[in-house]
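Protein chains in written order, with numbering that gives the first Met the number 0: chain V, 0 to 232; chain W, 0 to 232.
Be aware that a few hints might be false.
What the hints assert, rightly or not - Cβ pair distances, simulated, as ranges:
no.: 1; chain 1: W; residue 1: K182; chain 2: V; residue 2: T51; range: 32 to 38 Å
no.: 2; chain 1: V; residue 1: P123; chain 2: W; residue 2: E23; range: 52 to 58 Å
no.: 3; chain 1: W; residue 1: Q118; chain 2: V; residue 2: A186; range: 39 to 45 Å
no.: 4; chain 1: V; residue 1: A186; chain 2: W; residue 2: D50; range: 50 to 56 Å
no.: 5; chain 1: V; residue 1: Y215; chain 2: W; residue 2: T174; range: 29 to 35 Å
no.: 6; chain 1: V; residue 1: N172; chain 2: W; residue 2: G67; range: 43 to 49 Å
Claimed, not checked - Over 10 Å on every C-beta distance to chain V, these chain W residues come out as not near it, computed from the model:
no.: 7; residue: K38
no.: 8; residue: W41
no.: 9; residue: S42
no.: 10; residue: V48
no.: 11; residue: G70
no.: 12; residue: E81
no.: 13; residue: P123
no.: 14; residue: E134
no.: 15; residue: R137
no.: 16; residue: Y215
To be verified - Below, simulated DSSO-like cross-link-like pairs (lysine-lysine); rule was C-alpha separation at most 27 Å, straight line:
no.: 17; chain 1: W; residue 1: K2; chain 2: V; residue 2: K5
no.: 18; chain 1: V; residue 1: K192; chain 2: V; residue 2: K182
no.: 19; chain 1: V; residue 1: K38; chain 2: W; residue 2: K5
no.: 20; chain 1: V; residue 1: K143; chain 2: W; residue 2: K143
no.: 21; chain 1: W; residue 1: K218; chain 2: V; residue 2: K143
no.: 22; chain 1: W; residue 1: K138; chain 2: V; residue 2: K143
If you're looking for bench data, these hints aren't it; they were derived computationally from the structure. A virtual CB, placed ideally from N, CA and C, is assigned to each residue, including glycine.
Protein chains: 2
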Amino acid sequence: MLKYSKQTRLLLAVDCIVFGFDGEVLKLLLIKRGFQPEKGNWSLMGGFVQDTESLDQAANRILKQLTGLEGVYLEQLFTFGEPTRDPIERTVSVAYFALIDIQKYQTQMSSDYQAEWFQLKRTPKLVFDHQEMLEQARKRIRYKAAMHPILFELLPTKFTIPQLQNLYECVFNTTIDKRNFSKRVLATGLLIKLADKDKAGSKRGAYYYQLNMQNYYAKFQAFMNFIPNPDTL
Amino acid sequence: MLKYSKQTRLLLAVDCIVFGFDGEVLKLLLIKRGFQPEKGNWSLMGGFVQDTESLDQAANRILKQLTGLEGVYLEQLFTFGEPTRDPIERTVSVAYFALIDIQKYQTQMSSDYQAEWFQLKRTPKLVFDHQEMLEQARKRIRYKAAMHPILFELLPTKFTIPQLQNLYECVFNTTIDKRNFSKRVLATGLLIKLADKDKAGSKRGAYYYQLNMQNYYAKFQAFMNFIPNPDTL
DNA sequence: CCTCTTTATTGTCATTTAAACACTTTAATA
DNA sequence: TATTAAAGTGTTTAAATGACAATAAAGAGG
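Kindly generate the complete structure, drawing on both the sequences and the hints.
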């Protein structure tokens, strides 16, 4: 088989920024890096791309190996290629971000894995350029969520409107008038009201809703925009 | 120096999707591929990432080598990594897109280079997965132009409002009411009206405008959205 | 049982923004 | 001087947005 001779070959890695939501605050999944350099320091979920797998496959494999997570929302973010980003050897990294409902995957993750959730506002120092990856990922989900209903990926199948609002407020780091919020979110036609209530958060209890999957796929491309003054898109 | 032993190393390429505008229609810059496989077929501007350069540097270098273009708007788009996308040897490609004013770089490009402009609606068949890259790039500039004033990168320093409208109509493949368009575009405060007119397009002539660079940088993050029913963002 | 407390839920009005729509102006050319 | 082709300009109506406050439900505690 022919080859492109005389060209440099590089290490290619994938790093996954995993966001989770517990109904209260946004969280980030981190892991203690298992090998040198920076062994033992907090890191995104990363690994090398293998010979025969696509980038998406690599991202899914690595996520599963390190956390047990499978079948989650995963999207390519950006590729980081500064020559010196890894001090050992040049490694270009394709970053992905994942959005998951913490509760749903709680069991799947369990204690077999070293991954730990951190409140987004209290993340430790990260290895290499992972901090930069995280910032980009936060920007991207804001940008995307302003026009697409991706944030539902972070919620359980059944969720309440106050939870949903809470999530939007976390992501956009703002506050939203609840009357206007529920008006607009209901106007999308994406929600189905259920008969039962979530009594955990209040005495009165808030009705559960679930996604109308039909409308969800139909409207994924052009969604609402109900974020008042998001800091930066 | 330590190395990550036993990991696969891959070829990493950069491909540039170069859009241009001549005041009339959107165009795409293509080149005849200079080596096997697919030698002689139409291709995006591509090349391999070298040992010591960043991805951005590689994209700029390749663009300059193949077209003479320098200092243009260049943004990372997406990374394509299907294992078989290059039949000779696995090559992962980081795609970039560029936006340029054709007239400005006309001289810079000249005849030293093999690159040729094609109307976007009449592009030939492209090598490998370059067609897919092109589609993604078109989506991305629509998406981005809906919120940021990037399309000005495609225009000369002095341009007319009909030209600007024409550009938006090309990119979003739609038609816009000219009264509403000029109202909104002027309301952004991004344009400075000049004293002279462009008499090329009409008897009466249309006033030239130029960007108010101060406001441009200030408002880059949150721009207008005046696209009625863009097909897909 | 009654009161208190907490959170969920619902509606109106004023303002802003968006969309539809047509005539006048200009200047070259015939 | 009449014609023509494109530039430029306002108004009206409908829809969306944003600000705003009172009521309902249910558990907790006296």
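Comparing the hints with the structure gives:
1. In this structure the supplied range 32 to 38 Å is violated for K182(W) paired with T51(V), their Cβ-Cβ distance being about 56 Å.
2. Between P123(V) and E23(W), the C-beta spacing of about 55 Å keeps the proposed range 52 to 58 Å intact.
3. Under the hint 39 to 45 Å, the C-beta atoms of Q118(W) and A186(V), about 41 Å apart, fit the expected range.
4. Roughly 55 Å separates the CB atoms of A186(V) and D50(W), a value that falls within the hinted 50 to 56 Å.
5. The given range of 29 to 35 Å is respected by Y215(V) and T174(W), whose C-beta atoms sit roughly 31 Å from each other.
6. Take N172(V) and G67(W): their Cβ atoms lie about 44 Å apart, and the range 43 to 49 Å holds.
7. Every CB of chain V is more than 10 Å from the CB of K38(W) (nearest about 12 Å), matching its label as outside the interface.
8. In this structure W41(W) is separated from chain V by more than 10 Å, as the shortest Cβ-Cβ distance comes to about 20 Å.
9. With a least CB separation of 15 Å from chain V, S42(W) remains clear of the 10 Å interface cut-off, as annotated.
10. Distance to chain V contradicts V48(W) as a non-interface residue, since its nearest Cβ pair spans about 7 Å, not more than 10 Å.
11. With a least CB separation of 21 Å from chain V, G70(W) remains clear of the 10 Å interface cut-off, as annotated.
12. A cut-off of 10 Å between C-beta atoms contradicts the statement that E81(W) is not in contact with chain V; the least separation is 5 Å.
13. Residue-level check passed: P123(W) sits 24 Å from the nearest beta carbon of chain V, beyond 10 Å.
14. Every CB of chain V lies more than 10 Å from the CB of E134(W), the least distance being 15 Å, so the non-interface label holds.
15. A cut-off of 10 Å between C-beta atoms confirms that R137(W) is not in contact with chain V; the least separation is 15 Å.
16. The claim that Y215(W) lies off the interface holds: its Cβ sits roughly 16 Å from the closest Cβ of chain V, which is beyond the 10 Å cut-off.
17. A C-alpha spacing of about 20 Å is found between K2(W) and K5(V), which places the hinted pair at or below 27 Å, so the restraint holds.
18. Distance restraint check for K192(V) and K182(V): the Cα-Cα separation of roughly 14 Å lies within the 27 Å cut-off, and the hinted pair is therefore satisfied.
19. The hinted pair formed by K38(V) and K5(W) meets the criterion: a straight-line CA distance of about 18 Å does not exceed 27 Å.
20. Between K143(V) and K143(W) the CA atoms are separated by roughly 11 Å; this keeps the pair inside 27 Å, and the hint holds.
21. Between K218(W) and K143(V) the CA atoms are separated by roughly 19 Å; this keeps the pair inside 27 Å, and the hint holds.
22. For the given pair, K138(W) sits about 14 Å from K143(V) by alpha-carbon distance, which is consistent with the 27 Å threshold.
Hints 1, 10, 12 from the list above are not met by this structure, while the remaining hints are.
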